[in-house]
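Participant: Please put together the full structure from these sequences, using the hints given.
Note that the protein sequences, when read in sequence, are chains L and G. The working numbering applies: residue 1 is where the first sequence begins, and numbers increase by one. The working numbering applies: residue 1 is where the second sequence begins, and numbers increase by one.
You can take every hint at face value.
Derived pair list, reagent style BS3-like, types lysine-lysine, alpha-carbon separation capped at 27 Å:
#1 L/Lys328 / L/Lys312
#2 L/Lys138 / G/Lys138
#3 L/Lys95 / G/Lys138
#4 G/Lys287 / G/Lys312
#5 G/Lys287 / G/Lys328
#6 G/Lys95 / L/Lys95
It is worth saying that the hints were derived from the structure and are not from the lab.
There are 2 protein chains.
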Amino acid sequence: MRLSRLFVPTLREDPAEAEIASHRLLLRGGFVRQVMSGVYTILPFGLRTMRKIETIVREEMDAAGSIELRMPMILPADPWRATGRYDLYGETLFKLTDRHDRDLILGPTQEEVVALMAAADMPSYRDLPKNVYQVEWKYRDEFRPRFGLLRVREFLMKDAYSIDRDEDGMRESYRIMYEAYERIYARCGVDYVIVEADPGQIGGGVNHEFMARATVGEDLFVECEHGDYLADTEAARPMVPEPAGEGTEPLTEIHTPDTPTIEALATLLGVDASTTLKCVMFDVGGKTVAVLVPGDREVNVNKLEKLVFPEKVRPLDDDDFTTRGFAKGYVGPQGFDDSVTIFADLTVRGGRDWVTGSNQVDRHVTGANEGRDFRVDRWEDVVEFREGDRCPIDGGALRIGRSIVVGHIYQLGTKYSEPLGARFVDEDGSERPFMMGSYGIGFGRIMATTVEQRHDDAGMVWPKVLAPFEVVVVLATRDHEGAVAEAERIYVELRERAVDVVIDDREQSAGVKFADADLIGYPVQVVVGKRGVEAGTVDLKLRATGDKTQAPLADAASAVVDLLATAP
Amino acid sequence: MRLSRLFVPTLREDPAEAEIASHRLLLRGGFVRQVMSGVYTILPFGLRTMRKIETIVREEMDAAGSIELRMPMILPADPWRATGRYDLYGETLFKLTDRHDRDLILGPTQEEVVALMAAADMPSYRDLPKNVYQVEWKYRDEFRPRFGLLRVREFLMKDAYSIDRDEDGMRESYRIMYEAYERIYARCGVDYVIVEADPGQIGGGVNHEFMARATVGEDLFVECEHGDYLADTEAARPMVPEPAGEGTEPLTEIHTPDTPTIEALATLLGVDASTTLKCVMFDVGGKTVAVLVPGDREVNVNKLEKLVFPEKVRPLDDDDFTTRGFAKGYVGPQGFDDSVTIFADLTVRGGRDWVTGSNQVDRHVTGANEGRDFRVDRWEDVVEFREGDRCPIDGGALRIGRSIVVGHIYQLGTKYSEPLGARFVDEDGSERPFMMGSYGIGFGRIMATTVEQRHDDAGMVWPKVLAPFEVVVVLATRDHEGAVAEAERIYVELRERAVDVVIDDREQSAGVKFADADLIGYPVQVVVGKRGVEAGTVDLKLRATGDKTQAPLADAASAVVDLLATAP
Chain L
1 MRLSRLFVPT LREDPAEAEI ASHRLLLRGG FVRQVMSGVY TILPFGLRTM
51 RKIETIVREE MDAAGSIELR MPMILPADPW RATGRYDLYG ETLFKLTDRH
101 DRDLILGPTQ EEVVALMAAA DMPSYRDLPK NVYQVEWKYR DEFRPRFGLL
151 RVREFLMKDA YSIDRDEDGM RESYRIMYEA YERIYARCGV DYVIVEADPG
201 QIGGGVNHEF MARATVGEDL FVECEHGDYL ADTEAARPMV PEPAGEGTEP
251 LTEIHTPDTP TIEALATLLG VDASTTLKCV MFDVGGKTVA VLVPGDREVN
301 VNKLEKLVFP EKVRPLDDDD FTTRGFAKGY VGPQGFDDSV TIFADLTVRG
351 GRDWVTGSNQ VDRHVTGANE GRDFRVDRWE DVVEFREGDR CPIDGGALRI
401 GRSIVVGHIY QLGTKYSEPL GARFVDEDGS ERPFMMGSYG IGFGRIMATT
451 VEQRHDDAGM VWPKVLAPFE VVVVLATRDH EGAVAEAERI YVELRERAVD
501 VVIDDREQSA GVKFADADLI GYPVQVVVGK RGVEAGTVDL KLRATGDKTQ
551 APLADAASAV VDLLATAP
Chain G
1 MRLSRLFVPT LREDPAEAEI ASHRLLLRGG FVRQVMSGVY TILPFGLRTM
51 RKIETIVREE MDAAGSIELR MPMILPADPW RATGRYDLYG ETLFKLTDRH
101 DRDLILGPTQ EEVVALMAAA DMPSYRDLPK NVYQVEWKYR DEFRPRFGLL
151 RVREFLMKDA YSIDRDEDGM RESYRIMYEA YERIYARCGV DYVIVEADPG
201 QIGGGVNHEF MARATVGEDL FVECEHGDYL ADTEAARPMV PEPAGEGTEP
251 LTEIHTPDTP TIEALATLLG VDASTTLKCV MFDVGGKTVA VLVPGDREVN
301 VNKLEKLVFP EKVRPLDDDD FTTRGFAKGY VGPQGFDDSV TIFADLTVRG
351 GRDWVTGSNQ VDRHVTGANE GRDFRVDRWE DVVEFREGDR CPIDGGALRI
401 GRSIVVGHIY QLGTKYSEPL GARFVDEDGS ERPFMMGSYG IGFGRIMATT
451 VEQRHDDAGM VWPKVLAPFE VVVVLATRDH EGAVAEAERI YVELRERAVD
501 VVIDDREQSA GVKFADADLI GYPVQVVVGK RGVEAGTVDL KLRATGDKTQ
551 APLADAASAV VDLLATAP
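Facilitator: Structure representation (structure tokens):
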């Protein structure tokens, strides 16, 4: 291809609206243009890179036995009402009515369509298992689109759906997709981790996020410094400390005026907050629950909710403290009767001789010990993760990683098939709901993530599998007949060798062409200029390292092929 | 590929909702499924055929120098308001508002996006000409979707846009696309005609429709029996008759009670309606216009509107007849003063001694002749086309053809760039609006049209370029080891020869497999059964002709390749 006949509008200046590198560079490199907030035109170079991602994804999905089809983007609202997602998604769902006043939506995912299709066209267990996928645009009305292609309202996604007879089948289909995803991200050259995650609005049980490391990422995860532990921040379970053993101090009441907070208490007593015991009070389905954590830690309400599901969790309010007879700010677990269930986080085992509330205003106790002074009904993991916690596997330091979620896979079970009445006839003649899974990959996010992970001050640094072109032949001067002829010859020779090559034959200065080649980030640059041609050489540059070499004019194509083989 | 691992839900019965062959067969063959009115899921076989169309279109667009990109499907409403299309499309446009109450639409075409993109990123005449295209889904809220994939609300289209400096450039870009379209339809094997057409809601000037012949088509065109003339029914200009010369009869008033219509008049007098002169009265921009046509013909108001554009045309109503003093049902052109402009269709030249109104109720005249008895201010082509009219080129009989429009190309001029202020700086430093063209091809329509043009009682008859697979190997029995082994061997050998082949290895009866092979319409069928294998042969069938032959087992793959070469 010839740049003179393409449409790659590079920009000399950084666009003011771009907050992060990928946004800035994809705009500057002429890969995308915004049409309105969170909605972009994908320009020819962006499209070439997206297509390369698409090809990798399609090859791996096909190899994994998934079958490609294509579902609509405008969908009837009723099935979404049946599954509850119409309300659950709320304003994130683009809603519209047609000319006959029927409610429609723009699909963010397609579980409902797939369940109904299975019900109609996979009537028997003999039709199962099936796995279908599509590559299609998706819609989410984000409140505040930002970060270029990272948080958008229209995005290209590969979404796959597995349809199985039973749970074992679903788990096997899930495993196959999990492994296909590993191959996809490896082939795309993405630096990523896999984390078990929260199901969110898709719902269901087991699910994993594929998180590409990125300093600008909004999605946090927890990892061990030694790389042997990964978790969602909501799900991280730090190592349980060694039990501290029996206490040695007597239980003693002390006067602590105006200390309803741990901070005030620790300051007054001149002790570390970690030596105090925090007793946080909740209403769980109408009953009182006390949760004990060390004074320097927080309760993770999400973990508590999972422990008591399906009961609802609510912190006690001021009225509750009054009517239930607890001294707010001075509550301790001593003397709670059976009407209070006492949860203690596992970290509480690591302490003894606690300072905690005395259940009277302006008074605390010291020397409180589990067993002797208070009981624990349930030892659980209910603490909020904190940087520096120890890894549950090898005790290494846990830290927060920032990432961009580039894929999410879900075991859905019958969450969609059941409310939609999507059933098949099993071998024994009984009707059963399909067991489903769903599997998504966002292409724009892979493109943007790759730029985040691979760029420098001069521009993007594409791995060759995703670069819009692998090689650029830069014709540095159009005024020198020999240079033009040699550049054309090398370009043609590279094409004959099936190299993915573009020639920069635009009427632009050499400086603009060099800057654009670095900005766009072709893995290999070949510069054909007057001086080189007169000396019988061309200049080669490997974008990833910046290393420059020279090759004899006659062997230029071979030298490019060799250099390309070394490119990441 | 193996049918056992695909998803091709064929149906034994005709779906009740299918009115035409393509709808019925695409449903029965498992190519598509309706999700809601006018909105379909494209199943794997439908997708394979659509992709083959897409590949042909992409190759020809690329070869013609068009550059692929991808524009959004949700679009801001404001540019559509600026060009007037927001109102013009009316209810056909899917409209929605986002969570911040901004008006959006689902794009039916993308002229506005392209014009604004050109304004932003093609600032100079040096950036021109450009031609960009995309393959993307489009939206039209049809009042009554029907005929399967022919009238739908969501459809896949290749839409291209040319952007030029001036009218010569636009015409050249248009010519290049016109020729690319000819190659595309020829390669797809579509039987089509090209007709200059009405610009409709896209607007602009010269435009052509590519019309695939189909008995079920809703789009009519006019063609000469000798094939040398084609026209849109609105634009057809029949041959002008030889002038009849001067009249011979005197102008005579006759009593014709209760004859306000041509029919009543002709019956009363016992003459042919073609010997009477109809005088149809219009208001054109506040002035009175009389249009004369032979009594057996109708005025084509569309033609009249084009003749008097930008004035508005309106037939006179009863009040107008009263206030302007015309005797409704008895109007004749004799004695009209300058306040009435008299148009006569060219066919009026072919008659003389007309029977026409006398301008008094219940009275007509005979022997009315142009020149002597009435004047004509403008001779024009304003008559409605009628089957049997003569061809303007060779006088052959004109007839109505039925078709499905599978492509439409437009010279837009500055219709979009002007209202959107989309301008570039020309060589002389002046700012000029872009001259644009737009070019659309509907893929679903090509798929459905091909089925309409190529099917029989047993099913579809795909040309090999568009078939979901070119060859099916039908394993007639799974109980015979030799047959299974031979079918697998032939399948593998065909794959090695790069034949686009599928093996029907499903657990189904031979009868079902034969019926499905005919229904789906693979160009070549290879049947491997017990009897044949024991006799050392396979059965081959060419779907297009139904011809059956046998080939030795050992040479089966070669025989298939040879037979496929003869398939349409």
